[in-house]
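Student: The primary structure of each chain is shown beneath.
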Amino acid sequence: MPTNELAQNASPAAGEAPVLYVERATHRFGDVVALDDVSITAQRGEFLTLLGESGSGKTTLLRIIAGLERPTRIGRIAIDGADVSAIPASRRNCTTVFQHYALFPHMSVGQNIEYGLRVRGVAREKRRKRAEGVLELVRLPDKYDRRVHQLSGGERQRVALARALVTQPSILLLDEPLGALDEKLRVDMQVELKDLHEQLGLTFIYVTHSQEEALTMSDRIILLRQGRVVQQGPPQDLFDRPASRFVADFMGVENLLEGTLESVTGEIAVVRLQGHALRGIWCGPRATEPGTPVCVAVRAERVRLATEQQGFVQGANGIPCRTGATIYKGKYLDQTLETDFGPVKARIWDRDTDLSDLAYVWWREGDCAVTPLGGVGTAGVGPAPIG
Amino acid sequence: MDWAPTGTGIILGYCVLFILYFPIVMLMILSFSGEPLTGIPGDWTITWYEDVIFADIARREGEAYGSNFRIGDPLLLSIMLAFITSAACVIAVLIVGPVLPRIRWRGPFLVGFLMPLMIPGIVGGVGLFMWYRLVIHVKMGVWSLVLAHFVWAFPFALLAMLVVASRFDTRLMEAAEDLGAKPWQRFWQIEIPILKPGIYAAGFFGFLLSFNELPFSIFMRAGQDTLPLYLWIQSGAHNTTVPLIYAMSTLVTVASVGLTFLAIRLAFGGQNANK
Chain A
5 MPTNELAQNA
15 SPAAGEAPVL
25 YVERATHRFG
35 DVVALDDVSI
45 TAQRGEFLTL
55 LGESGSGKTT
65 LLRIIAGLER
75 PTRIGRIAID
85 GADVSAIPAS
95 RRNCTTVFQH
105 YALFPHMSVG
115 QNIEYGLRVR
125 GVAREKRRKR
135 AEGVLELVRL
145 PDKYDRRVHQ
155 LSGGERQRVA
165 LARALVTQPS
175 ILLLDEPLGA
185 LDEKLRVDMQ
195 VELKDLHEQL
205 GLTFIYVTHS
215 QEEALTMSDR
225 IILLRQGRVV
235 QQGPPQDLFD
245 RPASRFVADF
255 MGVENLLEGT
265 LESVTGEIAV
275 VRLQGHALRG
285 IWCGPRATEP
295 GTPVCVAVRA
305 ERVRLATEQQ
315 GFVQGANGIP
325 CRTGATIYKG
335 KYLDQTLETD
345 FGPVKARIWD
355 RDTDLSDLAY
365 VWWREGDCAV
375 TPLGGVGTAG
385 VGPAPIG
Chain B
302 MDWAPTGTGI
312 ILGYCVLFIL
322 YFPIVMLMIL
332 SFSGEPLTGI
342 PGDWTITWYE
352 DVIFADIARR
362 EGEAYGSNFR
372 IGDPLLLSIM
382 LAFITSAACV
392 IAVLIVGPVL
402 PRIRWRGPFL
412 VGFLMPLMIP
422 GIVGGVGLFM
432 WYRLVIHVKM
442 GVWSLVLAHF
452 VWAFPFALLA
462 MLVVASRFDT
472 RLMEAAEDLG
482 AKPWQRFWQI
492 EIPILKPGIY
502 AAGFFGFLLS
512 FNELPFSIFM
522 RAGQDTLPLY
532 LWIQSGAHNT
542 TVPLIYAMST
552 LVTVASVGLT
562 FLAIRLAFGG
572 QNANK
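Protein sequences appear in the order of chains A and B. Here the first sequence is numbered in this note's numbering, starting from 5 and rising by one per residue. Here the second sequence is numbered in this note's numbering, starting from 302 and rising by one per residue.
The reader is advised that the hints may include incorrect statements.
As the list claims (entries may be wrong) - Straight-line Cα separation of at most 30 Å, DSBU-like style, residue types lysine-lysine; simulated pairs:
| # | chain 1 | residue 1 | chain 2 | residue 2 |
| --- | --- | --- | --- | --- |
| 1 | A | Lys-335 | A | Lys-349 |
| 2 | B | Lys-497 | A | Lys-188 |
| 3 | A | Lys-147 | B | Lys-483 |
| 4 | A | Lys-188 | A | Lys-349 |
| 5 | A | Lys-188 | A | Lys-333 |
| 6 | A | Lys-198 | A | Lys-188 |
| 7 | A | Lys-130 | A | Lys-188 |
| 8 | B | Lys-483 | A | Lys-133 |
| 9 | A | Lys-133 | A | Lys-147 |
| 10 | B | Lys-497 | A | Lys-147 |
| 11 | A | Lys-335 | A | Lys-188 |
Claimed, not checked - Not the full set, but computed from the structure, chain B residues with beta-carbon under 10 Å of chain A:
| # | residue |
| --- | --- |
| 12 | Asp-344 |
| 13 | Arg-472 |
| 14 | Leu-473 |
| 15 | Glu-475 |
| 16 | Ala-477 |
| 17 | Ala-482 |
| 18 | Gln-486 |
| 19 | Arg-487 |
| 20 | Gln-490 |
| 21 | Ile-495 |
It should be emphasised that the hints constitute simulated quantities derived from the structure, not laboratory data. A virtual CB, placed ideally from N, CA and C, is assigned to each residue, including glycine.
Full structure from sequences and hints, please.
Tutor: Dropping the structure here:
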């Protein structure tokens with residue numbers, strides 16, 4: 005699959021030297037391997053997301069880039085072409101927006117924002133000017149003299165952002181910055197962060213466990229699991245072409261049907277499943293033996309329903325079914341359908357759908373991915389090629 | 302359950318306050334009385350205060366004075382000891398305080414540091430006396446007093462610091478480092494200002510505990526009288542200086558209370574803005 009090539013080409017500033025190299029980073033906490041020989045790059049101006057569940061090593065990787073964690077073993081970390089492996093966090097040209105904000109409680113909003121300039125010996129008037137500039141940028145123009153404890157959660161978040169931006173770093177690191185905000189504010193901030201990214205043209209490296217956040221904002225996503233990269237590429241790739249059952253599951257694919265691979269012809273794989281032959285886009289490594297256990301991944305919203313009379317499109321995957329449980333979700337219904345190989349979930353948006361005499365579930369082969377079962381370290385989805 | 306105070310409870314509470322403060326208030330009243338040793342207030346005068354202040358001055362200048370109560374040297378010594386102990390407490394607590402909450406096996410350290418709180422002063426005094434005299438051969442005098450006062454005051458000062466230090470968010474130091482602050486900048490601009498209440502409290506405890514310390518001083522003095530020691534000796538002596546102790550104690554109490562209020566304001570005054 006062209007996953008990796010796509011990843012490299014999809015970067016906004018392809019051709020230019022990457023602003024960040026991390027080569028072969030390994031980190032252990034005691035016996036626990038938090039990061040296992042991971043290499044990544046980021047292009048200048050890219051919005052790169054490190055995605056993974058807790059314990060996947062995403063935050064450790066971010067802290068290694070920031071210099072707040074000294075990796076157990078490292079090939080090289082370079083920011084702006086300069087090797088910074090041996091340089092402390094205070095002298096690296098990147099700043100972090102922390103999940104917990106870490107605003108200094110004994111300083112005003114203005115003093116917090118100016119801190120990075122103050123330690124660099126910038127004159128008072130100039131500091132103030134720049135602080136007011138970034139406050140404007142994060143839409144808090146009149147909060148300069150406020151105390152930190154007088155701010156709401158969302159405002160603190162913006163102050164933390166302003167404080168990290170004021171020193172004009174090459175790379176902005178964001179460690180689950182929206183994690184502590186409530187749902188509605190989080191969605192607004194996603195849009196705002198994305199706007200800010202476009203406006204500044206700065207490289208953002210964003211850590212999150214939320215696939216929704218990752219899909220909304222990123223130019224490219226690196227999915228980590230147990231300290232290793234399992235897949236990287238643009239959001240559409242991870243969403244529609246998961247490279248393993250784990251990726252499909254993590255990206256929220258509702259129906260994961262396990263069968264055996266029968267054949268791969270070009271892009272299309274045929275999977276044998278309880279006497280049915282299902283067809284889908286092959287997302288695994290090219291040379292996979294027939295007979296290998298694989299997974300058919302299809303999203304509930306791509307599953308369609310048909311009565312006996314309606315039938316389904318020629319060449320699509322169609323399976324006889326009985327109606328099962330319905331779950332009301334407000335905007336839509338989650339309908340379970342019993343088939344020969346277990347329940348299949350379909351999402352119904354149209355409230356007038358008649359569920360009484362359904363005979364088939366079906367989906368197009370292009371709407372469904374076939375992936376290997378293996379998760380970590382699957383061939384072809386390892387660390388990105390360097391340079 | 303209704304936890305509103307009952308009549309008996311309120312009366313009991315006032316009783317306790319009365320028992321606690323009556324002697325002190327009485328002492329203050331008597332210090333202004335003509336015949337304090339009778340225990341009956343009246344015949345108001347400030348003569349005892351004059352004696353406290355002028356007896357020593359007069360004698361120093363070689364003049365005869367009615368009283369032989371000489372407060373100057375003990376007072377100076379006590380103030381000096383209090384300042385040294387206070388400074389030593391601040392420095393020690395700044396070294397130990399921020400680190401202690403982050404040590405994984407801090408239990409034994411905590412017990413070790415805070416144990417002197419539970420050892421009776423006399424026992425500690427005898428112990429230190431033997432240790433200094435027989436083992437490490439510290440010469441008894443001002444420095445043995447300083448050491449003893451530090452040993453006595455340090456656990457209190459540390460406790461005061463730990464209240465603040467254990468709440469200190471070390472992630473702030475990381476944030477400062479991330480923003481480009483060098484170690485000394487992080488220390489002066491982040492750690493010290495946030496730990497300020499603990500630092501003031503430690504200095505204050507060091508000062509006050511040293512200033513009022515008696516049991517250790519008895520064993521450590523070797524010819525040097527601290528103020529409490531001098532008052533203690535004078536109150537045991539059968540001579541005319543006893544009324545002066547009333548006046549002196551009143552002055553010391555007023556100064557201590559004043560200092561306490563000042564320290565509390567210094568330590569927590571700035572906090573109100575952060576609430």
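Student: Does each hint fit the structure? Answer for all of them.
Tutor: Now for the hints, and whether the structure bears them out:
1. For the hint linking Lys-335/A to Lys-349/A, the alpha-carbon distance of about 16 Å falls within 30 Å, and the restraint holds.
2. The suggested pairing of Lys-497/B with Lys-188/A is violated, with an alpha-carbon distance near 39 Å, which exceeds 30 Å.
3. Using a Cα cut-off of 30 Å, the hinted pair Lys-147/A and Lys-483/B holds, with the two alpha carbons roughly 28 Å apart.
4. Among the hinted pairs, Lys-188/A with Lys-349/A is consistent with the structure: their alpha-carbon atoms are about 28 Å apart, no more than 30 Å.
5. Distance check on the hinted pair: Lys-188/A and Lys-333/A sit about 18 Å apart at the alpha-carbon level, within 30 Å; holds.
6. Distance restraint check for Lys-198/A and Lys-188/A: the Cα-Cα separation of roughly 16 Å lies within the 30 Å cut-off, and the hinted pair is therefore satisfied.
7. Distance hint between Lys-130/A and Lys-188/A is unfulfilled; the C-alpha atoms sit about 36 Å from each other, more than 30 Å.
8. A threshold of 30 Å between alpha carbons decides the hint, and for Lys-483/B with Lys-133/A the separation of about 24 Å falls inside it, so the pair holds.
9. Proximity of Lys-133/A to Lys-147/A is assessed by CA-CA distance (about 14 Å); at most 30 Å being required, the pair is judged to hold.
10. Taking the CA atoms of Lys-497/B and Lys-147/A, the gap is about 26 Å. The hint holds against a cut of 30 Å.
11. This hinted pair checks out: Lys-335/A and Lys-188/A have alpha carbons roughly 17 Å apart, not beyond 30 Å.
12. Given the 10 Å rule on beta carbons, the hint for Asp-344/B is violated: about 55 Å separates it from the nearest Cβ of chain A.
13. The restraint placing Arg-472/B at the interface with chain A holds, with a minimum CB-CB distance near 5 Å, inside the 10 Å limit.
14. Below 10 Å, beta-carbon pairs count as interface contacts, and Leu-473/B has one with chain A at about 6 Å; its hint therefore holds.
15. Checking Glu-475/B against chain A: minimum C-beta separation of about 5 Å stays under 10 Å; hint holds.
16. Because the closest C-beta pair between Ala-477/B and chain A is about 7 Å apart, less than 10 Å, the hint holds.
17. Look at Ala-482/B: its Cβ gets to within about 4 Å of chain A, closer than 10 Å, so that hint holds up.
18. The beta carbon of Gln-486/B is positioned within 10 Å of a beta carbon in chain A (closest approach about 5 Å), and the interface hint is therefore held.
19. Look at Arg-487/B: its Cβ gets to within about 9 Å of chain A, closer than 10 Å, so that hint holds up.
20. Restraint check, Gln-490/B versus chain A: the minimum CB separation of about 8 Å is within 10 Å; hint holds.
21. For Ile-495/B, the interface hint holds, the least distance from its beta-carbon to any beta-carbon of chain A being 6 Å, beneath 10 Å.
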